[in-house]
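Residue numbers (the numbering used here), protein chains in the order written: chain V, 1 to 330; chain S, 1 to 290; chain H, 1 to 255.
Don't read these hints as lab results, they were simulated from the structure. Computed from a prediction, not measured in an experiment: that's the story for all the values here. One or more of the hints may lead you astray.
Taking beta-carbon pairs under 10 Å as the criterion, some of the chain H residues facing chain V (in silico) [claimed, not checked]:
| hint | residue |
| --- | --- |
| 1 | ARG77 |
| 2 | ARG82 |
| 3 | GLU97 |
| 4 | GLY102 |
| 5 | GLY110 |
| 6 | GLU125 |
| 7 | ALA167 |
Residues of chain H clear of chain V, computed beta-carbon distances all greater than 10 Å [said to hold, decoys possible]:
| hint | residue |
| --- | --- |
| 8 | ASP27 |
| 9 | ALA57 |
| 10 | LEU190 |
| 11 | LYS195 |
| 12 | GLN199 |
| 13 | LYS210 |
Glycine included, C-beta positions come from ideal geometry on N, C-alpha and C.
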Amino acid sequence: MKGITSPQAAGWLLALIVAVLLPLFTGGYLTSILLLIAAWSIVAVSLNLLYGYTGQLSLGHSAFLGIGAYALALIAVKVHVGFWPAFFAAIAISGLFGFLIGIPALKLRGPYFVLVTLGFAAIVGVIALAWTGLTGGANGLAGAPRPTPIPLPWGGRLKFDSLLNMYYFTLFFLIVILFICHRLVHSLIGRTFIAISHDENLAESLGINTMWKKLLSFTISAVFAGVAGALYASYNSVISPDIAYFTRGMDVLACLIVGGAGTMAGPIIGTFVMTAIPEALQIVPSLRTLINGFILMLFIIFLPAGIAGGFKAFSSRWGLKSEERRHGAP
Amino acid sequence: MVELAQYLLNGISQGCVYVLLASGLTIIMGILRVPNFAQGHLYMVAAYLGFYMVMSYATNYWLALVLATFALGILGLLVYFLVFYPVRNAPEVNLFVAAMALLMILEGGALSLFGTESKWFLIPWSRSVLSTGSLSLQTQRVIVIAGTTVVMLGLWFFIKKTALGAALEATAQHREGALLCGIKVDRISATAFVVGTALAGIAGVLIGPAVLLEPTMGMGPLLVAFSAIIFGGLGSIAGAVLGSLLLGVAESLASGYISATYSLAFVFAIMIVMLLFRPKGLFGKEVWRP
Amino acid sequence: MALLEVSGLTKAFGGLTAVDRLSFSVDQGQVVSMIGPNGAGKSTVFNLLTGAYRPSAGRIVYDGNDITGCKPHRSARLGMGRTFQSTTVFRTETVVENVIIGQSLHLKTGVWGAIARTNKARREEEKVREKARSILDFVGLTNVATRLAGSLTEEAQKRLSIATVLAADPKLLLLDEPTGGVNLEEIGGLIELIKKIRQSGVTVCLIEHKMRMVMSMSDRIVVLNYGTNIAEGTPAEVANNKQVIEAYLGARRVA
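Starting from the given sequences, assemble the full structure and let the hints guide the process.
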């Protein structure tokens with residue numbers, strides 16, 4: 001395990017400092033972009049756990065985004081509870097769907113698994129658009145609440161009306177989720193996930209209950225994606241069915257692969273690159289999917305390990321060189 | 001009773017679209033081992049291509065059909081050499097991602113070029129309807145059924161009676177064996193991909209005049225086509241045909257008796273159930289082995 | 001006491017019967033070798049024992065449990081370990097990580113423990129590392145512990161795959177051609193290792209082609225041909241068995 005003084009830790013610390021301080025010096029527009037990046041990073045991190053570390057390619061995460069968002073709005077509005085109960089209920093529901101879909105889906109391997117997740121995403125997308133009674137159809141749902149103000153120990157309350165505070169709220173969850181993933185992935189349980197991603201048959205022959213482990217990864221991933229969905233709903237207050245459109249899941253996957261699946265920094269780097277650069281170049285939203293597709297295509301052919309993965313391979317090649325020269329003697 | 005027969009007829013014509021898409025899919029999947037997620041979008045591109053040829057350049061419909069199919073074949077060749085050939089030895093997930101990236105490019109491209117408005121692909125006989133007794137069907141849909149039959153017969157002939165077709169079948173059944181027999185597997189893979197995209201091309205121009213053209217029109221048929229090949233069994237064209245027709249009829253029945261909006265969701269649900277209980281499908285030879 | 005008892009084991013793939021009413025047993029502490037021409041069904045038998053394939057008929061009783069048709073992770077948990085003919089290691093993981101993964105089935109720490117890094121979790125991780133180090137010492141791979149598994153020689157990879165399986169504490173170790181693809185000079189080392197394993201109390205069942213090795217190491221030999229056992233007995237008995245000689249060893253000297 002890397003020490004606290006390693007270059008990686010320094011990099012993370014620097015990123016954290018920038019993430020916290022930057023919005024204080026820039027205008028609302030930049031902060032809203034940062035919020036978007038933070039929220040989509042959460043989805044990318046969740047998909048990274050399932051795909052990058054457990055090897056299961058799911059095209060269904062747009063469904064959990066949608067479920068998290070709509071659940072928050074519906075529970076808060078129809079059941080008249082405050083933000084927090086609705087929030088935890090929403091992510092629990094997202095996790096529950098993950099669990100229920102995972103049980104049948106994870107029995108399948110290869111393209112069949114991918115297809116079932118795609119089908120699931122498509123169905124949820126159709127329901128979001130068509131079941132007008134529940135989801136408001138094409139008009140969407142209004143009324144998702146901001147987090148209820150939190151009383152502070154020194155008096156006064158932390159309110160979430162402002163963009164800045166919503167940004168920090170989202171950033172907080174990103175950090176928590178990253179931390180959980182980091183701990184999981186480096187633990188003994190995490191090693192079983194990684195073993196499954198390398199060679200599922202070998203893992204099973206070593207006594208690992210691959211079905212349960214995959215299901216665990218899938219469910220946790222669904223919970224985290226649900227968090228992103230609920231945060232999105234809370235921030236926007238009005239949700240429209242395009243949050244659950246299946247290409248969202250593909251956009252996130254593109255961010256993950258470009259950034260580097262199977263690395264901790266990958267999802268964040270990828271989301272940043274694929275969100276910030278189009279914004280900076282003022283690229284029209286309708287062109288985004290096209291460009292994301294091209295970038296993804298280039299990466300999957302020439303640099304499938306992504307930015308972070310490629311960097312790791314490059315830097316370790318320098319370290320391994322001396323070892324390789326020693327190899328060869330019996 | 002008449003209603004049922006009408007739904008069945010509608011279902012068969014709907015199923016024909018799936019037949020063309022599913023055969024292409026199963027050929028590509030059987031030989032390149034990649035589920036071509038972009039197949040539905042290729043079909044959409046063909047439909048738009050036909051639309052522009054006929055509506056903006058006053059091309060004869062049948063000529064447009066041939067040209068568009070040809071164009072899709074060329075596109076398939078390009079995509080094969082630029083995308084699937086370079087990644088052919090990569091882990092299979094990379095191929096899935098490449099197919100997904102292709103879908104994104106086509107979807108984004110269509111949105112930018114064609115916009116989100118639906119378009120009507122009009123041809124001289126757009127309004128005519130053929131009927132016998134109390135059953136009726138749009139003329140174009142009859143053409144779809146006839147066209148699909150002709151194409152599938154041609155495909156059968158190609159695979160069973162030509163050397164290239166035999167090589168295709170051999171490679172699908174046993175890649176290493178085909179290699180050992182001297183079959184140039186890369187060339188076969190390219191052929192398979194081109195055949196697959198050409199079939200999507202034919203489907204697009206055939207069905208275009210019968211439906212509303214939208215950039216998203218490919219997704220539903222794609223998922224139904226996948227359901228059909230899972231239903232019929234991977235690697236079996238006969239299974240793909242049977243599965244497509246059955247699902248087309250199922251969709252039509254669901255649309256008529258339950259609800260039009262959820263008919264697709266109903267079909268996907270069938271696919272999921274099928275995958276869980278009989279992943280081999282009706283005629284499939286093996287469950288996916290990487 | 002028979003640790004493993006196989007009766008009437010049959011596996012048919014469509015029209016082809018790969019294993020045909022095979023019966024044999026393995027006693028605790030023995031080394032039993034399975035030999036036979038290529039295609040005789042030996043690896044298939046291993047797959048049936050571990051549960052990678054479901055038998056078409058027959059029974060497998062291991063350590064008193066009827067494990068016919070149960071899944072591979074279950075047979076592993078009951079103490080049956082197995083290596084593969086085509087060396088399988090986690091190529092992009094280090095040697096020591098491979099052996100750590102091998103201990104996964106004994107994991108006690110749950111998700112919460114992993115996330116919170118409780119003392120229990122930390123202790124378990126330390127224990128696992130310690131055990132990994134001692135197993136690497138046992139098989140002789142300590143000096144390559146931090147190398148990537150894929151960068152090792154074929155012989156070292158075989159050792160690693162054995163080490164990884166040993167990490168799971170099996171009672172019965174199924175080795176599928178452990179010296180396949182290994183240089184003649186290096187075979188001796190692997191033989192020593194297998195003897196060491198047997199001395200530590202693990203029962204070993206071996207598929208092998210190298211006759212000298214099989215004859216010198218085995219307590220009993222089971223000879224397979226066309227999916228069924230045509231002979232069974234001590235090395236001396238088998239070497240003199242006419243059917244075996246005809247089917248497999250050839251008319252001339254033992255290789």
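Hint check results:
1. The interface hint given for ARG77 of chain H holds, since its Cβ lies 5 Å from the closest Cβ of chain V, which is under the 10 Å cut-off.
2. Look at ARG82 of chain H: its Cβ gets to within about 6 Å of chain V, closer than 10 Å, so that hint holds up.
3. At a threshold of 10 Å, the smallest CB-CB gap from GLU97 of chain H to chain V is about 7 Å, leaving the interface hint in force.
4. Satisfaction of the interface hint for GLY102 of chain H is found here, the shortest Cβ-Cβ separation to chain V being roughly 6 Å, below the 10 Å cut-off.
5. For GLY110 of chain H, the interface hint holds, since its Cβ comes within 10 Å of a Cβ in chain V; the closest pair sits about 8 Å apart.
6. Residue-level restraint check for GLU125 of chain H holds (minimum Cβ-Cβ distance to chain V is 6 Å; threshold 10 Å).
7. A cut of 10 Å between beta carbons decides the hint on ALA167 of chain H: the least distance to chain V is about 8 Å, and the hint holds.
8. No Cβ of chain V approaches the Cβ of ASP27 of chain H within 10 Å, the least distance being about 24 Å, so the stated non-interface status holds.
9. No beta-carbon of chain V comes within 10 Å of the beta-carbon of ALA57 of chain H; the shortest separation is about 23 Å.
10. Interface exclusion of LEU190 of chain H from chain V stands, the closest Cβ pair being 14 Å apart, more than 10 Å.
11. Taking the minimum C-beta to C-beta distance to chain V, about 21 Å, the non-interface status of LYS195 of chain H holds against the 10 Å cut.
12. GLN199 of chain H, annotated as away from the interface, keeps every beta carbon of chain V farther than 10 Å; the closest lies near 23 Å.
13. Non-interface call for LYS210 of chain H relative to chain V: holds, since the shortest CB-CB distance, roughly 21 Å, exceeds 10 Å.
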